[in-house]
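Position chain B against the provided structure of chain A, taking the given hints into account.
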Amino acid sequence: MSKKPGLEMINTDILVIGGGSAGCMAAIAAREAGPDLDITILEKANIRRSGTLATGMDALNIVAVPGGSTPEEYVKGVDLDHLRGVIDEDLHYVLAEKSFAMLKRLEGWGIEFEKDATGQYVASPTFYGPYPGNFTIHMDGLDLKLILSREVAKRKITVINHTITTSLLSDNNSVYGCSGFNIRTGKFIFCSAKAVILATGGCGRFGMPSSGYMYGTFDFPGNTGDGYSMAYRAGAELRNFEYVQNFVEIKKLNVPLGKEYDPESEAKMIDERGEEIEWRDGWDADEVKLLLSDESVYERFSHLPEEKIQRIEHIWFNSERKHPIISFFRERKIDIRKDDIEYGFEDISLCSGHGSSGIKVDTEAATTLKGLYAAGDVACVPVQYLTGAFVYGEIAGQSAAKYAEHTAAREIDQDSIQKQADKIFAQLDRSEGIKPNQFELRLRNMITEFLTPPRNAEKLENALNLIVEFRKDVEKLKVEDLHELGKAVEARFILDCAEMTARSALKREETRWGKSDFRSDFRERDDKNWLKFVDLKMDQETGEMRIFTSPVKRRQGKGKK
Amino acid sequence: MNERLSVEINRDSCNGCGICVDICPLDCLRIDENEKAFMKYDECWYCGSCTIECPEKAITLRLPYPIRSQNSLR
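Chains A and B, in that order, are what the protein sequence lines are. Per the numbering used here, the very first residue in the first sequence carries number 61; after that it's consecutive. Per the numbering used here, the very first residue in the second sequence carries number 337; after that it's consecutive.
No lab work stands behind these hints: they were computed from the structure. As the structure is a computational prediction, the values presented were derived from the model and not from experiment. For every residue, glycine included, the Cβ atom is placed at its ideal position computed from N, Cα and C. It is possible that some hints are incorrect.
[Unchecked claim] Here are a few chain A residues that sit away from chain B, every Cβ distance over 12 Å (derived from the structure): (1) Glu92; (2) Ala93; (3) Leu113; (4) Asp141; (5) Phe160; (6) Asp200; (7) Met274; (8) Thr277; (9) Lys312; (10) Glu320; (11) Glu338; (12) Arg381; (13) Ile477; (14) Gln480; (15) Glu521; (16) Lys547.
[Said to hold, decoys possible] Quick look at which bits of chain A chain B covers, simulated, 3 or more residues with Cβ under 8 Å: (17) 101 to 111; (18) 278 to 286; (19) 384 to 390.
Extracted from the complex, chain A is given alone in its bound form (with noise of 0.2 Å):
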């Protein structure tokens, strides 16, 4: 085949990298506050099923009904049961106050969220501590993300699919385009914007998943820290990468508990030796101590009366994950109302919806940059559910229209993109070279062995030596096509987030987040010394990473009440 790619430029207003939910509502919201600008959102699968929520979500994790609870119980609740102190209460503040305006967004464009027979909205408990304020209202939401593309497309949206970015166009803390190819033609495109909002997910390729297979991992495989990337690379800052999001997942299957689906059913946690252990707050004891142990835990229904039963059956079996349950469940044989189901650590990634890595983001969905703003499981809006990519998609989409308005289209410089593109393409004319899998799996695997809490200094600075030689070796990536050469780019966007993680862990000298972050050189919580953010950045001189902390912020004139 011949690789000389053909480049294809793009001009446009507001450039949206990443049609999942936040990027669709963000496209959406800038076209509400800019009837006359430009907008293109760029997606590296269809719209019509991209993104974490490819064939829907159950719930918004995160709605603070007026008259029930409130931002500020919201605030304290994520405070305590999430993030320990370690918070920019701000973000979590506006989340929670702009929450219910989004849900009846998504009820005007026929979403139908659950009510009783009064008509009032059910809200469930979202945290596992005992604090107030129940948030999690639960949705018919399959067909979500037709809804979202959609309304996308009645709105004069440009979208350009099966697009993968490469990297943000940008100088002197200021970014003004993006670069990247099609996965299907070869096409290479470079696109000037005025304004660029980030949307693409986290990195659910991170860990190995102790199945070997992978793409059976708890996150989004698609998602491969593209942005974390992309934006450190521009000069961003980004945020709590020492975080890394480890949950207890039905074993080989990577889907969450039946009881973080339905905190109310009542099922049983129990050991190996069938007895029942206490399993209440799932961010804590309980679970560091499966994690420091090797043994496996089950959930038992079979004492649940069958009302209860098909309850959790019917969450479970409509969740984003329906479709994994479903075979898991015919496939195993498996009835919950006699098997309890086997659950352990599978694998970890890097996300701000259940997590809290990210880009850092202020109340404006703006990252350090100018004219870069970010949302959804991208930005650091840590624990933010579904909920924080919608709020934060809306007002990143009003935040880059504003900033649009008064700004200039930037001149391309077209030979420094034909050298991007050549190079990245040059790796489809090696005649020898590592297969981009390859080098995956032995990066992650590398991941899941070092950077998979309890880690240690030395587990750590292991880790740095050996992404050292990743850095050498991910030079001589040799692939087949089109498909492959997008895994090659992803493989370096997993390179570096590993390198965030790893510096960022060694950097924290505490544990503060138990099954996240646990040290076991440094095992008790020091609030003393480490009350604050680990952030990081690129040095735009050097190329090397630079880590630092940062204060905690709490909300300014909370506590007058």
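Chain B in isolation, oriented as in the chain A frame:
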């Protein structure tokens, strides 16, 4: 080829329309020389998009075990 893959396509009912190829979020599928869809890359997250979108209901999803060591299947 008789390994059990996660995306099983009934070749009798597949009409070769290519919708599944277009919408697979992980770009796993392609159309072969006989105008039938097949799983080219063993990189499925079993999200189920293809099974829902197939107009002929020709696609069944299975847990992808036993797993394969190669990404590209042919």
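Ascending list of hint numbers which this structure does not respect
The structure conflicts with hints 3, 7, 8, 9, 12, 16, although it agrees with all the remaining ones.
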